[in-house]
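Asker: Each chain, written out:
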Amino acid sequence: MKDISIVLCGEAGQGIQTVEKILVSVLKRSGYFVFAAREFMSRIRGGSNSTEIRVSDKPVNSFVEKIDVLIPLDGKAVDHVKWRIGENTIILGKKEFIQGKSGKTFEVPFIELAKEAGNKLYANTVTVGLLSGMLSVDFSHTKDFISDFFKKKGKEIIKGNVEAAKKGYEIAEKLVKENKIDFKIKKNEKAKDNSLVSGTDLVSLGAIAGGCNFISSYPMSPSTGVLTFLSSKQEEFGIIAEQAESEISAINMVLGASYAGARGMVTTSGGGFALMVEGLSLAGILETPVVIHLAQRPGPATGLPTRSEQGDLLFALFSGHGEFPRIIFAPGKTEDIFNLSRIAFDLADKFQVPVIIMTDQYLLDSSFLTPSIDVSKYKNKKYIVKTYKGYKRYKLTKNGISPRGIPGYGRGLVVVDSDEHDEEGHITEDLDFRIKIVDKRLKKMDLIKKEIESPELIGNKNYKTLVIGWGSTYYGISEALKRLDDRDIALLHYRQVYPLHPDTEKYLAKAKKTIIVENNATSQFARLIKMETGIHIDKSILKYNGLPFGVEEIVKEVRKIEKKEVG
Amino acid sequence: MDTKIFDMGKIDIAWCPGCGNFSILKILKDTLSDLDIKPEGLVMVSGIGQAAKIPHYLKANAFNGLHGRALPPATAIKAVNRKLVVIAESGDGDMYGEGGNHFLHTIRRNPDITNIVHNNMVYGLTKGQASPTSMQGFKTPVQPGGVILEPFNPLAVAIGLGASFVSRAYSDDIKETKEIIKKAIKHKGYALVDLLHPCVTFNKFNNRKWFKEHTYYLKEEHDPTDRNKAFKKATEIDKLALGVFYINKANKPFEEKLVAYRKNKKPMFEREVDFEKLENLIESKKG
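These protein sequence lines are chains A and B, in that order.
If you're matching positions, the first sequence starts at 11 in this note's numbering and goes up one per residue.
If you're matching positions, the second sequence starts at 349 in this note's numbering and goes up one per residue.
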């Protein structure tokens with residue numbers, strides 16, 4: 011077995027995320043590649059939530075349906091993930107939780123073991139011990155990490171937790187010795203050089219690298235993590251982070267901040283973004299830079315607040331009244347999440363346009379191992395100019411970009427207006443000038459088009475079938491195609507969805523068959539491609555129940571379309 | 349400083365002849381030159397409406413944003429460059445109606461900005477509908493039977509929220525209004541000037557005569573630090589008091605409290621990313 015999938019399932023508030031956090035770190039330190047994905051209900055207590063932790067000797071970064079080991083933490087857990095349980099799924103838990111369930115069940119009295127170690131609250135640590143023992147992690151790694159994790163809680167609690175972990179570990183040792191469990195995953199020292207980060211971390215770190223020093227937002231799942239992250243770094247990195255009274259306030263604040271020279275962003279989800287749309291249009295006419303992190307979740311309206319979807323692509327593309335240029339990124343690969351979040355700030359400043367970074371719940375809440383990011387060579391370019399007497403904010407220029415001054419820097423005045431305005435920025439109804447300034451704004455698109463991030467082709471260049479994806483499906487489709495192991499099938503993944511890369515037509519024309527994979531119901535990216543290129547995508551694999559694609563599902567659906575047995 | 353420095357030269361002003369906005373514009377220019385505030389160091393922020401056009405008639409930096417949304421950008425401009433003098437100025441519909449929520453939360457946030465609200469108790473640019481401050485019974489094309497809503501009381505709301513500086517003025521009283529605006533601009537923190545003025549085209553009821561008869565100045569002995577008395581004055585609507593109702597010095601301005609300035613006093617545009625720190629932060633994710 012190359013990799014295993016461990017699933018913890020229980021009620022909100024039972025500490026699943028703590029187990030995930032500790033276990034993933036312990037495993038990484040021990041030299042395993044790990045990946046964790048969460049699905050949870052929109053509630054603080056109760057319900058059924060689960061976390062999947064994949065462990066492998068090679069990088070794994072996508073959600074799989076299969077469960078090799080299941081730890082149910084309550085009576086509802088096994089049924090909650092029943093569709094993912096196979097005959098070889100090992101289920102370890104309290105008697106009542108596993109009785110009469112399919113799979114290979116083993117009774118483990120977590121609470122009793124925790125009590126023996128001193129406190130029933132240590133039950134989660136018993137789980138950590140058990141799982142690390144199952145993978146034959148050196149116990150010292152587990153012990154060290156636990157001691158570190160509970161450092162602030164005092165000696166007694168550390169001792170109790172280590173004891174609890176030991177009890178779990180010993181049970182696993184016994185099961186392994188009796189050959190009831192056999193997971194032999196090779197270690198890979200390279201894992202240790204990787205960083206363990208969530209999608210949220212990567213967006214936030216990218217933003218800091220891009221010079222973000224102002225964020226104003228209103229909390230909304232799944233976008234809030236970025237606001238929390240940057241808020242925690244206010245002093246360290248000199249960032250102003252403000253929780254606004256509404257999303258409307260948030261984007262208008264950021265535009266004010268940007269007008270006065272800050273690099274600003276908002277982080278929001280569909281409903282919040284809907285409220286920001288007038289502000290987005292304002293950014294368009296003011297030509298004031300703004301970066302918008304749009305963390306998608308299923309709509310319409312409040313939809314499924316804690317679930318995942320790629321349902322807002324066309325909304326993002328067409329949002330905002332009037333006509334103005336924009337850039338839309340949709341990273342899926344860890345390096346891209348960081349880099350595009352960084353580059354977004356540069357491009358927003360350079361072209362004085364809104365840049366939207368589209369992510370989703372799955373991408374943001376998942377934990378990845380990513381190759382180390384080297385920021386030492388970065389230097390952010392400054393585009394702000396010092397003004398002079400007679401400075402005109404909207405000076406008509408050949409390429410459409412007017413040098414951007416800010417108030418209080420230089421001897422000129424900086425006037426911006428949401429009304430149509432003249433070169434100075436003052437309100438005008440000169441209809442001949444209107445044409446000139448509209449052309450000026452739209453002309454920037456020519457320059458933007460020169461810097462489009464290319465789509466990434468994965469697989470054989472001489473493909474017959476081309477699978478197309480964007481955003482968070484990157485790893486899922488990549489792994490599925492690897493499993494299909496068919497030289498005729500390749501993946502074309504888009505990390506920038508607008509403007510669309512000019513090579514798109516060439517890529518699509520080469521394929522005998524095109525398949526789009528999207529986490530939405532109406533195949534929005536296929537429609538965008540059709541609109542931009544006139545090319546119709548042949549087939550679509552769509553999912554919109556609120557969960558991300560499992561690798562198996564993509565394999566199955568692509569096979570169905572290919573109508574031939576592979577591998 | 350010569351007040352001409354704020355003159356725009358020959359421009360086409362969109363206000364009706366006799367509009368109270370003209371005297372407000374003059375008062376503002378005079379006050380700014382009295383205070384020696386230079387156009388380059390001043391940002392006029394406004395929303396939409398007839399009053400909100402004021403940045404186009406006065407030479408300064410300007411952010412003329414969306415309807416109702418002057419206060420969030422004004423707050424942010426001051427926050428990212430604390431050297432700038434920021435005035436957020438719009439009408440009663442913009443600030444109290446469309447932007448009502450921002451009005452509440454800007455008071456709570458307390459940025460060091462001056463909020464001048466042209467209050468003529470009617471909508472001008474959309475042609476004569478009721479504003480949040482229109483009096484009950486006021487007839488308009490949309491409220492033909494007369495306004496039935498309770499008028500919004502900006503002063504009582506502001507004092508209720510513990511606003512930093514709360515005042516009311518009347519546009520025809522040039523000398524007094526200048527003094528009030530001067531105090532508002534000099535005040536450290538959010539300062540509200542609810543500036544009554546006649547709309548000669550759409551509000552025939554609250555005309556110059558009505559304002560003269562229904563306003564009076566707070567007496568010298570009025571103690572602006574007494575919140576309860578200030579609140580009581582604000583709730584008296586048969587006759588409207590003018591002057592500085594309330595001053596609350598307990599709260600430091602928003603931008604003075606921001607963590608981002610603890611170690612670095614520079615405005616945001618002068619800052620560079622500390623890539624060394626970022627490298628350490630990323631390194632810490634290796635676990």
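In short, the hints are calculated from the structure, not lab data.
Heads up, a few of these hints could be off.
Said to hold, decoys possible - Each computed DSS-like pair below joins lysine-lysine, with the alpha-carbon atoms no more than 30 Å apart:
| # | chain 1 | residue 1 | chain 2 | residue 2 |
| --- | --- | --- | --- | --- |
| 1 | B | Lys358 | A | Lys391 |
| 2 | B | Lys358 | A | Lys396 |
| 3 | B | Lys352 | A | Lys405 |
| 4 | B | Lys625 | A | Lys392 |
| 5 | A | Lys161 | B | Lys625 |
| 6 | A | Lys200 | A | Lys68 |
| 7 | A | Lys343 | A | Lys161 |
| 8 | A | Lys68 | A | Lys12 |
| 9 | B | Lys358 | A | Lys31 |
In this text, all values refer to a predicted model and were calculated from it rather than measured experimentally.
Asker: Is lysine 352 of chain B close enough to lysine 405 of chain A, meaning Cα to Cα at most 30 Å?
Answerer: 25 Å, holds
Asker: Taken at face value, is the distance from the CA of lysine 391 of chain A to the CA of lysine 358 of chain B at most 30 Å?
Answerer: 39 Å, violated
Asker: Quick one, are lysine 625 of chain B and lysine 392 of chain A close enough, alpha carbons at most 30 Å?
Answerer: Since the Cα atoms of lysine 625 of chain B and lysine 392 of chain A sit roughly 20 Å apart, the hinted pair holds (cutoff 30 Å).
Asker: Hinted pair, alpha-carbon criterion (30 Å max): lysine 358 of chain B, lysine 31 of chain A. Please report holds or violated.
Answerer: 67 Å, violated
Asker: What's the verdict on lysine 68 of chain A and lysine 12 of chain A, does the C-alpha distance respect the 30 Å limit or exceed it?
Answerer: 8 Å, holds
Asker: What's the verdict on lysine 200 of chain A and lysine 68 of chain A, does the C-alpha distance respect the 30 Å limit or exceed it?
Answerer: 9 Å, holds
Asker: Next pair to validate is lysine 343 of chain A with lysine 161 of chain A; report whether the Cα-Cα distance is within 30 Å.
Answerer: 34 Å, violated
Asker: With the threshold set at 30 Å, check whether the alpha-carbon distance from lysine 358 of chain B to lysine 396 of chain A stays at or below it.
Answerer: Answer holds: lysine 358 of chain B to lysine 396 of chain A is near 27 Å, not above 30 Å.
Asker: Does lysine 625 of chain B lie within 30 Å of lysine 161 of chain A when you go C-alpha to C-alpha?
Answerer: 24 Å, holds
The structure fails hints 1, 7 and 9 (numbered hints given earlier, in ascending order).
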